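Here is what each chain is made of, one letter per residue.
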Amino acid sequence: MDQADAEVALRRPTLLAIALLSGAALGLEVLLLRLFAIIQWHHFASMAIGLALLGWGVSGSVLTATAERVRTRFSAFFTGNAAAFGVSAVAAFSIAQRIPFNPPELLWDWRQPLWLAAIYLVLAVPFLFAANAIAAALMTFRGRSGRVYGADLLGAGTGAVAVVGVLTQLPETGALAFLSGLGPVAAALVIPGGPRKAVLLALAALLWASWVDLRPSPFKPLSRALQVVGADVVAERSGPLGRLTVVANSEVPFRDAPGLALTSPTGPPEQRAIFVDGEGPLIVDRHQQGAPPPPYLDHLTSALPYHLGERRQVLLLGLGGGRGILQALLHGAQHIDVTEPDSGHVALLRDELEDFSGHLLEASRVHVHIGQPRSVLATAERRWDLIALEAGGSAAGLGAAGADYRLTVEAFADYLTRLAPGGLLAVSGPIDLPPRAALRLLATAVAALGRAHADAPGRHLVMVRSWQTVTMVVSADPLPAGTAGAVRVFVETRGFDPIHFPDMRSEEANRRVILDVPWFYDAAKALLEVNAEPFMARWKYAIAPATDDRPFFHDFFRWALLPEVLALRERGGMGLFEWGHLVVVAALIQAVLAAVILVPLPLLIAGRRGTASTPGLSRPRTLCYFLALGLAFLCIEIAFLERFVLFLGHPVLAAAVCLAGFLVFAGLGSQASHRIERPGRAATATAILSLAYLAGLPPLFEFLAPLPTEARGLVSVALIAPLGFFMGMPFPLGLAALDARAPRWVPWAWAVNGCASVIASPLAGLMALEFGFSAVIAVAACLYLLAATVAPPATTALCKPDTVLS
Amino acid sequence: MVGLIPTVLVLVLSLACAAVGAASENDEAIFAERRAALMREVQALGLGELQLLGRREFDPRVIEVMGRIPRHEFVPEALRDSAYANRPLPIGYGQTISQPYVVALMTDVLALEPGDRVLEVGTGSGYQAAILAELVERVFTIEIVAALGEAAAGRLARLGYENVRVRVGDGYFGWPDEAPFDAIIVTAAATHVPPPLVQQLKPGGRMVIPVGHQFEVQYLTLVDKDPDGRITMRQTLPVAFVPLTGGN
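Protein sequence lines correspond, in order, to chains E and X. Take 0 as the starting number for the first sequence in numbering that gives the first Met the number 0 and just add one per residue. Take 0 as the starting number for the second sequence in numbering that gives the first Met the number 0 and just add one per residue.
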């Protein structure tokens with residue numbers, strides 16, 4: 000096909016095909032997050048972004064190395080790749096979930112990293128095909144690449160939002176079938192025969208995809224629960240926030256009562272278990288409407304706040320299985336507000352579990368609010384006698400790298416301001432040895448009290464432990480005089496141990512569940528001293544409070560601890576710390592290896608080494624420019640995504656708004672980039688804007704937090720628009736400059752940018768863990784400034800970005 | 000067909016890995032040699048480290064018994080070659096056979112006597128039950144995964160452990176007909192200590208509950224019932240891991 004033919008062929012069906020394919024690829028990226036969360040663990044799901052970028056990076060190299068052949072056979076190439084995307088989307092996932100990767104064995108079995116790498120590579124394949132097809136269109140329709148690029152970005156932006164809608168209507172496998180079906184539809188749109196053929200091909204793809212069944216890891220809690228004799232799935236719901244599975248067991252009933260006092264006269268009643276993406280469970284107690292709640296709930300450490308005064312107005316941050324509501328009702332609460340981000344979760348308790356839970360959510364005293372805890376709080380005017388939440392961890396600490404905005408200093412400070420006079424904040428969670436989560440809870444509370452200018456935090460705090468749980472109670476004001484007595488009665492009648500309460504004596508510690516060393520008591524004492532910093536610095540685990548900038552409450556990793564834990568591995572020391580931090584490091588190493596080896600490989604094979612020298616251009620400086628852009632773009636995107644998660648209060652909504660926003664506005668910026676002569680100016684503008692956002696967004700978000708969700712969504716789009724617009728400029732400007740002076744370097748620029756994009760995702764994750772999201776943004780801004788410094792010289796008016804891929 | 004292709008591909012990958020990682024020997028003599036080496040390793044690892052036991056080394060009886068029991072009989076065929084590595088191994092159904100060092104520790108901490116009757120909740124492969132059977136008079140073990148329980152029962156019978164009884168079902172209520180027990184080991188995940196098990200523990204008896212995940216033990220909970228029937232709970236790490244505040 001020559002140039003004239005190509006321009007004739009760029010009709011609406013072709014543009015539609017490009018948009019469909021681009022949207023399907025981005026939708027698949029988001030869907031993989033969900034699919035991996037179900038079959039493996041959430042933290043490996045984040046690899047999906049890297050996978051997609053690896054596919055795009057390799058594709059860039061392949062295409063630029065074979066540009067001439069692709070241009071002359073565009074229809075066949077596009078059709079083949081689009082159809083291959085559809086087929087491989089299903090096949091790759093099907094293969095990937097059969098690869099025997101088992102995260103808990105990562106440090107026991109040398110084959111596990113190889114299996115992980117295999118998953119990484121297999122899942123990159125569909126993205127490679129999608130990228131091939133779109134890049135081929137960009138290269139072929141060189142004179143009209145603006146329209147192609149527009150269709151690509153519009154499709155991608157739409158796909159990011161649409162997949163959330165698809166997930167509300169279809170189960171995950173159905174969504175996979177739908178997205179894979181778009182591949183053949185896109186293929187059919189560019190070949191003669193039209194829509195009829197497209198429909199047939201799509202149906203064939205759906206049939207193909209219908210063979211996929213999800214195979215969760217046998218080590219996930221749901222898989223294990225279903226192995227127990229008598230286990231039965233009694234209800235299931237899927238949605239963008241998770242797949243909920245309800246399990247009942249009549250032969251070996253669930254008997255979940257974390258840390259139940261040995262003195263409890265009764266055990267838990269009949270229970271059902273809700274697994275979210277196969278993890279959990281959240282327990283639902285059988286309850287009869289109007290009957291008193293089960294008395295065992297008074298024999299958990301979480302009952303403590305109800306023994307320190309009357310709690311009539313209660314706010315529960317998280318619905319769980321409704322146990323918190325029953326506990327509040329048991330203790331006479333008159334008004335119970337509950338926040339829950341997943342409407343599907345609420346619907347499950349209202350519908351499928353309505354009778355079992357005794358119409359719990361329909362009780363007149365119970366009020367459920369859909370949304371993240373802090374978003375709900377921001378719009379609430381009520382004050383509560385008790386705000387309670389659970390601080391759970393994850394299997395083997397593998398989820399340590401996950402952000403948790405409920406457990407930061409800012410969150411605690413916010414909770415404390417929402418308490419009625421005499422009100423309490425209560426946080427309960429599983430105990431860990433050696434202590435770390437409990438100590439971080441204390442440190443966080445102390446920091447939050449410090450913000451409220453509390454002079455003696457020890458007078459505001461109570462903490463108790465059972466053999467499996469810990470509960471901390473915090474008051475904005477000093478606790479009343481009778482608190483010590485009430486705590487003593489509570490722990491003595493239940494066989495619990497106090498960790499701290501006002502006027503506690505050392506001999507009261509470590510008496511019932513005896514530790515070799517009174518770790519909790521000693522550490523609490525040190526943390527409540529005037530200057531706890533030296534103690535936190537000395538403690539073997541990282542226990543400094545989590546903040547909104549570094550919201551990783553469950554990450555206690557210290558590099559210094561690693562050699563000791565590895566040395567103790569043979570002596571059962573594997574449980575001594577959380578491995579999530581190292582998973583991110585491993586992902587970065589893999590990304591570096593994959594990017595460095597795979598992305599430039601096609602270019603090396605094709606012998607594209609570039610020209611030896613070009614007047615006015617330095618190859619190291621030019622490659623540095625594209626490396627900096629690749630790293631910076633994703634660092635900005637990932638870091639601001641986290642900022643918007645907190646603002647929008649909904650991770651999926653934030654992901655959709657950010658992905659779509661950055662894509663669409665970067666596309667518009669790219670289209671407008673020819674108005675700017677110097678590539679360095681766009682990079683400088685991006686750096687300045689990023690730094691302005693870094694400083695300005697937190698107070699702005701705090702100010703705008705009371706707005707309704709829709710308004711916050713619109714504000715988010717408006718905020719992303721200028722940043723995305725400028726971020727879209729430096730890359731096409733750089734390519735255009737290069738194309739004008741040294742076209743043979745273009746493939747290398749493309750490849751280096753692809754490499755950087757693959758590496759940026761885990762790199763940003765690790766930087767955030769180590770230094771916080773502000774540091775990620777600051778580093779990205781510095782990279783943009785570096786890019787501005789080493790940017791290629793300005794291109795002439797004759798060389799516009801539209802022609803860069805020629 | 001669609002399901003077949005990936006299965007075949009993974010099979011090929013698995014075989015390739017197995018070819019690299021797995022040795023072909025399954026000869027009993029070689030296993031015995033590996034077992035002896037493993038026990039030397041476990042013994043050496045424990046030397047001077049057993050603060051949990053209040054001793055400097057493992058009870059020689061525990062090491063001797065573990066040195067006789069063919070761990071390779073308790074792991075899946077495909078993992079036999081790794082049977083004598085000091086690591087936990089998957090045994091199917093989302094369960095694992097514990098790390099030998101941890102097995103030695105948990106067995107030792109029970110301070111068993113030859114005439115004891117022991118209850119185990121969570122049979123798994125039956126390896127722990129076999130060790131207990133060599134050390135005490137009677138072992139009663141309960142497994143909630145039917146396939147695992149049945150396989151363990153068959154395996155223990157085949158290996159000649161006539162003093163072990165295996166039951167598939169709910170371990171929460173213990174084994175009232177055979178109570179009381181001198182020792183109880185609860186390897187199944189428990190969010191609270193089942194009161195029936197406390198009741199079935201003899202005065203002077205001891206219960207051990209490892210807490211953690213399939214491939215690791217985070218800490219151990221020990222429940223002691225004194226001769227007067229009073230309960231004391233202790234929690235401890237499986238390893239010596241002090242001081243916690245760096246060099247201070």
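Keep in mind that the hints were calculated from the coordinates and are not lab data. Possibly wrong hints are sitting among the right ones.
DEER-style ranges, computed between Cβ atoms [as the list claims (entries may be wrong)]:
#1 X:E63 <-> E:P99: 28 to 38 Å
#2 E:D354 <-> X:G114: 45 to 55 Å
#3 E:R214 <-> X:A77: 17 to 27 Å
#4 E:V232 <-> X:A77: 25 to 35 Å
#5 E:R214 <-> X:L158: 27 to 37 Å
Given the structure is predicted, the values throughout are model-derived calculations rather than measurements. For every residue, glycine included, the Cβ atom is placed at its ideal position computed from N, Cα and C.
Quick rundown of the hints versus the structure:
Hint check: E63 of chain X to P99 of chain E, Cβ distance near 36 Å, so the stated range 28 to 38 Å holds. Between D354 of chain E and G114 of chain X the C-beta distance comes to about 52 Å, which sits within the given range of 45 to 55 Å. A beta carbon spacing of about 18 Å between R214 of chain E and A77 of chain X agrees with the range 17 to 27 Å that was offered as a hint. At roughly 29 Å, the beta carbons of V232 of chain E and A77 of chain X sit within the given window of 25 to 35 Å.
Distance hint for R214 of chain E and L158 of chain X: a CB-CB separation of about 33 Å, consistent with the stated range 27 to 37 Å.
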